[in-house]
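Can you make the complete structure from the sequences, with help from the hints?
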Amino acid sequence: MSLNLGQIRGRVQTNLNDAIGTFFDNATVNQAIQDGYDEVIIDTQCAEATASVPFTPNTIYYDLYNGIIPSNQLFWRICRIFNQNTNRWMPCVDSRVLDKFRFDWEASVGTPWFGYIVNYQYLGFFPHFSSGATKSFDVLYKIGKDNLTVDQQIPQIPNQFSRILESYATADLLEIYREFTKAQEYWDDYGKLKQKLKDYMPSRSLPDKLWQLNDLDWPNFGSV
Amino acid sequence: MRTQITRSSLLPYVRTYLNAPAANQIWTDVYLLQLINQAEVWIFDAVKTTWSRFALGIQLGVGTYQLDQDVQAITRITYRGFKVDILSQRELSLLSPVYRTQQTRPRWASWQFDGTNTLRLYPVPAENLPILDTGTDVFTDKNLLNECIISAYMVPDESDGVFSLPDYFITRAVKHFVRWKAYAAEGNAQDLDVAQYHKSKFESQVAMIVEANTKVYNNKARQLADVAIQRPWKKFRPILPPNFGTPVDMS
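Going down the list, the protein sequences come from chains A and B. Count along the first sequence starting at 1, add 5, and that's the number in the numbering used here. Count along the second sequence starting at 1, add 804, and that's the number in the numbering used here.
If you're looking for bench data, these hints aren't it; they were derived computationally from the structure. It should be emphasised that the depicted structure is a prediction, and the values quoted were computed from it without experimental measurement. Be aware that one or more of the hints could be misleading.
Straight-line Cα separation of at most 25 Å, DMTMM-like style, residue types lysine to aspartate or glutamate; simulated pairs [what the hints assert, rightly or not]:
1) B:852 - A:193
2) B:1005 - A:48
3) B:1003 - A:193
4) B:1019 - B:971
5) A:199 - B:1007
6) B:1005 - A:190
7) A:147 - B:1015
8) A:201 - B:961
9) B:946 - A:68
10) B:852 - A:68
11) A:187 - B:1007
12) B:887 - A:190
Covered stretches of chain B (in silico footprint by chain A; criterion: 3 or more residues with CB under 8 Å from a CB of chain A, positions within the stretch not fixed) [what the hints assert, rightly or not]:
13) 825-832
14) 867-878
15) 914-922
16) 1005-1018
Ideal Cβ placement from N, Cα and C applies to all residues, glycine included.
The structure is reproduced here in structure tokens:
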């Protein structure tokens, strides 16, 4: 079952025996859940999205962090870039590679073939369009922050790990009153769940291969 | 456009976590704001994240230029679109004994010995190149051929109202840094054990930020589109003659 923000907050308040908000108001609990969500997203890379960004004439560097995502999500890192003008995936290279192409590569104009990841914010292209870009480029990216704004919002965490934010927020809030021993139990649970989620994320698209490997153990095949 | 977290907006947040919610309760607001500002500087000691570009106003016959104190590491300099390589003063003197006076179009630069954050261009510019635009045009090619543009990693400015770090790194790290320093400070609320606990939490947050920043640069991951590159890293393996490696009696 997917828990939304309001349900997670209710569970945290139950853990703290503070259902009516004597010690922590809703905003404080929500902030603790958001902090945990931020950390889980960054550490496990579990939140992903795709955006289509129009090529802007004469632009070398695109501000993805401030520019591409209109909603309440923040860009963190690129997974893949697809140029709709060429129907090709674009490789990302280091600026030193671009310097080997042309030492004035920033001035080169044409259809972009390479991306240059500068930092969490900027993406450069070589060459860059001066005009004539009729289509956009698609960015497949990891989200760095997904703001939880309403109680009905469901965090982008697989269902089996939905307890992770409850554990983080409970431990985080207990520490305000220096209840470190009580908090440690929730930190342990949080740490185990986070490690499982970290292991799960890269392996989730490989079920077929796992199944094939398991096939080798089937009794009919004898010893392999 | 995203909403940046302002430094002052974190004050009630850290006060909640210090269990001192009222203004100036136990610790003064001024002191806590100072700690909030310092947190980001501590993080920047460990990681370079903020990158920017700016134009440098060039004057005829002037070889040295004072850069902003926020410049942490220069990644690229272009003069009228052409790359300017950074060398040491020793290398410049080997290039030309008259590198401090020779005038033409700059091809090299040195960020050494001429003073803190002072950049020397060689050859000395023989023209004026004023800054044409201070806005976001520096990220386009609009003035690229008519300006000297520097790309660099920057350090945060404490006087800036907003954080330089991305939002998803800020709150947790600041929370632990402020609690570490506040509980370690002399006064009624001093508790060195708790301060040490939050110090270790802050350090683990910084380690997480460093790792997350490393993941941003996924350009070394092999991709399907790699076939379009020349693959300069490919090492060819020549077929050696069959007697290669056979010891020869030289006696």
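**OP:** Of all the hints given earlier, name the ones this structure violates by number, lowest first.
**Re:** Hints 1, 8, 12, 13, 14 and 15 are the ones this structure does not satisfy, whereas the remaining hints hold.
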